[in-house]
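Asker: Residues per chain, in single letters:
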Amino acid sequence: MVTVRLFGMTKMLAGNQGTLSLALPEGGRVKDLVAVIDAAYPKIGELLQKKKVLVSINQDIAHEDLAVRDGDEVALLPPFAGGSEECRTGLPAAKPERIHNES
Amino acid sequence: MSLEQVTEAGRPATDDEAMLVRVQREDFSIDEELRRVRARSKRIGGIAIFLGTARDRSKGKDVDGITFEHYEGMAQKKLREIRERALKDFGAIELLILHRYGEIGIGDNIVLIIAGAEHRAEAFQACKWAIDELKQITPIWKLEHTTEGEVWVEEHP
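Quick mapping for you: the protein sequence lines, in order, are chains R and P. In terms of the working numbering, the first sequence is residues 960 to 1062. In terms of the working numbering, the second sequence is residues 1045 to 1201.
These are calculated hints, taken from the structure and not from any lab test. Each hint should be verified, as a subset may be incorrect.
DEER-style ranges, computed between Cβ atoms [to be verified]:
hint: 1; chain 1: P; residue 1: K1103; chain 2: R; residue 2: G986; range: 39 to 49 Å
hint: 2; chain 1: P; residue 1: K1086; chain 2: R; residue 2: D997; range: 51 to 61 Å
hint: 3; chain 1: P; residue 1: T1191; chain 2: R; residue 2: K1011; range: 18 to 28 Å
hint: 4; chain 1: P; residue 1: E1070; chain 2: R; residue 2: Q976; range: 21 to 31 Å
hint: 5; chain 1: R; residue 1: D1031; chain 2: P; residue 2: Q1068; range: 33 to 43 Å
hint: 6; chain 1: P; residue 1: K1086; chain 2: R; residue 2: Q976; range: 46 to 56 Å
hint: 7; chain 1: R; residue 1: S980; chain 2: P; residue 2: L1078; range: 57 to 67 Å
hint: 8; chain 1: P; residue 1: D1152; chain 2: R; residue 2: P984; range: 24 to 34 Å
hint: 9; chain 1: R; residue 1: G977; chain 2: P; residue 2: D1106; range: 27 to 37 Å
hint: 10; chain 1: P; residue 1: G1193; chain 2: R; residue 2: D997; range: 45 to 55 Å
hint: 11; chain 1: P; residue 1: I1074; chain 2: R; residue 2: G977; range: 50 to 60 Å
All values reported here derive from a predicted model rather than from experimental measurement. Beta carbons: idealized from backbone N, C-alpha and C, even for Gly.
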């Protein structure tokens, strides 16, 4: 069994469960996990297929071909929304080489 | 904060460093955090501060409160990565990042970034880069309580 942590909208779509325990075949990969989730929770599955929700393993974003191993910390990550602004600042990208030396 | 936190480079974070990157429920004092940054180096000659607060309107809807949820462990890890890159690549001498979670009232503090550098240019750039990067890579989610119900917010286009 793989325990998958849920946050934000994925938690809501799973009936406010904070975790899912899912049976994954031996040697299963992230894409197999996505298929299992899609079968049980199609709305979350759709977000995973569209890459709006990402899978993380051991706190790093995981590629679909990555193997899921026993004891891995697996989570579904909806789009992040930290801070309070509506979007990036829209200012030119900061580049270290543009720094001048007067204060 | 415990001494168990480890930096990306594998070094244990000192207590001082742990206090510079925090995800916490309680409010923070900008003065106190500013003192913390200033105390890190006497070479700091310019400090830029970004404070994010909870507004009462979002996408045309009235908002009467916000709840932030975070992925404990990964959120702190990403914020530590941002601090380390700000120091390494953006010329900051010190960078503090705090983000609150839990229920936040309208007008209350959400996120604080303080960038200290030798000069203002590096301070502004490190501060701006850090808040933009925070929004891109940090697993924090926002639930807005609006007059029409609760909405999980997707900030990014």
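Asker: Against each hint, give a clear statement of whether it holds in the structure.
Answerer: Right, here's what the structure says about each hint:
For the hinted restraint 39 to 49 Å between K1103(P) and G986(R), the CB-CB distance of approximately 44 Å keeps it satisfied. One distance hint, 51 to 61 Å for the beta-carbon pair K1086(P) and D997(R), holds here, with the actual separation near 57 Å. For T1191(P) and K1011(R), the hinted distance range of 18 to 28 Å is satisfied, since their beta carbons lie about 26 Å from each other. At roughly 28 Å, the beta-carbon separation of E1070(P) and Q976(R) lies within the given 21 to 31 Å, and the hint holds.
D1031(R) and Q1068(P) have their C-beta atoms about 28 Å apart, which leaves the hinted 33 to 43 Å range violated. Range check, K1086(P) to Q976(R): Cβ separation about 52 Å, and the 46 to 56 Å hint holds. Range check, S980(R) to L1078(P): Cβ separation about 46 Å, and the 57 to 67 Å hint is violated. Evaluation of the 24 to 34 Å hint for D1152(P) and P984(R) yields a failure: the beta carbon distance comes to about 47 Å.
Here the CB-CB span from G977(R) to D1106(P) is close to 29 Å, well matched to the stated 27 to 37 Å. Checked against the hint of 45 to 55 Å, the C-beta distance between G1193(P) and D997(R) comes to roughly 27 Å, which is inconsistent with it. Checked against the given bound of 50 to 60 Å, the beta carbons of I1074(P) and G977(R), roughly 33 Å apart, lie outside it.
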